[in-house]
Structure formats: C-alpha cells, structure tokens
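Colleague: Below are the chains, spelled out letter by letter.
Protein chains: 2
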Amino acid sequence: MLRHVVMFRWNPGTTPADVADVQEGLGGLPAVIPEITRYQFGPDAGINDGNAEFVVVADFADVDGYLAYRDHPLHRALIGERITPRLAERHAVQYIIDDA
Amino acid sequence: MLRHVVMFRWNPGTTPADVADVQEGLGGLPAVIPEITRYQFGPDAGINDGNAEFVVVADFADVDGYLAYRDHPLHRALIGERITPRLAERHAVQYIIDDA
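Residue numbers (this note's numbering), protein chains in the order written: chain A, 1 to 100; chain B, 1 to 100.
A portion of the hints provided could be inaccurate.
[Stated by the list, open to error] Under 7 Å between C-beta atoms, here's a sample of chain B residues computed to sit facing chain A:
{"hint": "1", "residue": "Met1"}
{"hint": "2", "residue": "Val5"}
{"hint": "3", "residue": "Asn11"}
{"hint": "4", "residue": "Gln40"}
{"hint": "5", "residue": "Asp44"}
{"hint": "6", "residue": "Ile47"}
{"hint": "7", "residue": "Asn51"}
{"hint": "8", "residue": "Ala52"}
{"hint": "9", "residue": "Ile79"}
{"hint": "10", "residue": "Pro85"}
{"hint": "11", "residue": "Ala88"}
{"hint": "12", "residue": "Ala92"}
{"hint": "13", "residue": "Val93"}
{"hint": "14", "residue": "Gln94"}
{"hint": "15", "residue": "Tyr95"}
[As the list claims (entries may be wrong)] Stretch by stretch, here's where chain B covers chain A in the computed footprint (C-beta under 8 Å, at least three residues):
{"hint": "16", "segment": "44 to 58"}
{"hint": "17", "segment": "80 to 94"}
Hints in this document: simulated from the structure, not taken from any laboratory. This structure is a prediction, so every number in the text was calculated from the model and none was measured. Each residue gets a CB set at the ideal place from its N, CA and C atoms; glycine is no exception.
Using the sequences and the accompanying hints, generate a full structural model.
Modeller: Next up, the structure:
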C-alpha cells in the first residue's frame, strides 16, 4: 500500500472557520475518489509545542491510486481554492506501508 | 485514537546505511512499547519533488498511550543517539483519528 502524508502550517490570521472549511472540503473527497482506502485528517491536538497545525494521512492500494487522488480535479480545486491561499508551510511524504 | 505523525529531513551526508540504522531502531520499539497499536515508518518513495525524506506514523488508543511512547527511555535513546545527530528538519502533528 502507498500512504500519502502532508502537514500544513497556516498563514497568520487563519481562523477556525477557515480550517473547518478545509475539513469540510476534505471530507467530501472519499465519496468521489474511490481510490482512497483510508483517510484521516485533522488539526494538531495541542499536546506538544512547535508542531505543525494540520495533517492529512491518505492510504491507497498502490501508487496509481495515490496519483488518481493527487491529480483528481476536485482535489486540485480544493487545494487551489481553500488550502493554498491559507498556506504558510507544507511538508509531504509518500511511502510504502504494510497492508496491516 | 491518537495518531502521531513526524517527518524528517536529514543532514547532508546522511547515507542509506544511516537511514537503515534509524529504521532498525524504530523497528524494535513496538516489541517494548505495547501502547503502539500500529506503527508505519519509512523513507519517501520519490514520487514527488520537494518532499521530506522520512516519516513515522504511530497510532495509540489514547493520549496516554502516545505519551508512554514519547517518553519511553528506549525511544528517547533512539532519538538522542540515532535521529537527532542526523536531523536537519523535523515536523510533527498529533491528532485524533477514528477507530476505523
């Protein structure tokens, strides 16, 4: 399986309503991108100082599944309209995981 | 459930053998830290440019499970001896996930 992990830090002035808007958009993606086998996103829990502010972890059967997600027009629109305008910092990894 | 996600970029000169040494250390942790319910780590797959180089995703039943991991002496030793000396950049998030 292929797992995609991405973390964000938001621009100063980004509000909880802004983050909720991002979450609402992300929440709609699994219904339209069946290649997503598991999708867990959310804001940092506030346990440690210095953390990033939001994370998305998406699992796929294989690299092609991830690419279908990465390049899906609805995903690209969400990124362009709701994420990038609020984005201060982005860090990502895709990696192979066990099917466990 | 509580998920911990951390990404690394390595110092210049970090070798594949260095990364294998980190992976060997991480691989030993679930046997000694039973609070880890799922543990998936590895190097970036090289699909996209600009990514971080390594990621660890660790799942726990709750925040206390994560704290047991975070503060476990074997984990701290691994960080101090094998990770921090090679670390250029670190980004982390802990967040609540569904039990799915």
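Colleague: Take the hints in turn and mark each one as holding or not.
Modeller: Against the structure, the hints come out as follows:
1. Interface restraint check: Met1 of chain B against chain A, minimum CB-CB distance 9 Å, threshold 7 Å, status violated.
2. Using the Cβ-Cβ criterion of 7 Å, the hint placing Val5 of chain B at the interface with chain A is satisfied: the shortest such distance is roughly 5 Å.
3. Interface restraint check: Asn11 of chain B against chain A, minimum CB-CB distance 17 Å, threshold 7 Å, status violated.
4. The restraint placing Gln40 of chain B at the interface with chain A holds, with a minimum CB-CB distance near 4 Å, inside the 7 Å limit.
5. Satisfaction of the interface hint for Asp44 of chain B is found here, the shortest Cβ-Cβ separation to chain A being roughly 5 Å, below the 7 Å cut-off.
6. Checking Ile47 of chain B against chain A: minimum C-beta separation of about 5 Å stays under 7 Å; hint holds.
7. Checking Asn51 of chain B against chain A: minimum C-beta separation of about 5 Å stays under 7 Å; hint holds.
8. Here the hint on Ala52 of chain B is kept, as its CB sits about 5 Å from the closest CB of chain A, short of 7 Å.
9. For Ile79 of chain B, the shortest C-beta to C-beta distance to chain A is roughly 13 Å, which exceeds 7 Å, and the interface hint is violated.
10. Interface hint status for Pro85 of chain B: violated, as the beta-carbon distance to the closest one in chain A is roughly 19 Å, over 7 Å.
11. The restraint placing Ala88 of chain B at the interface with chain A is violated, with a minimum CB-CB distance near 12 Å, outside the 7 Å limit.
12. Taken as an interface hint, Ala92 of chain B checks out: its beta carbon lies about 5 Å from the nearest beta carbon of chain A, inside 7 Å.
13. Nearest Cβ of chain A to the Cβ of Val93 of chain B: about 4 Å, under the 7 Å cut. The hint holds.
14. For Gln94 of chain B, the interface hint holds, since its Cβ comes within 7 Å of a Cβ in chain A; the closest pair sits about 5 Å apart.
15. A distance limit of 7 Å between C-beta atoms decides the matter here; for Tyr95 of chain B the minimum to chain A is near 4 Å, and the interface restraint holds.
16. Check result for the segment 44 to 58 of chain A against chain B: holds, 11 residues qualifying (beta carbon to beta carbon below 8 Å, three or more required).
17. Here's how the segment 80 to 94 of chain A fares: 4 of its residues keep a CB closer than 8 Å to some CB of chain B, so the rule of at least three is met and the hint holds.
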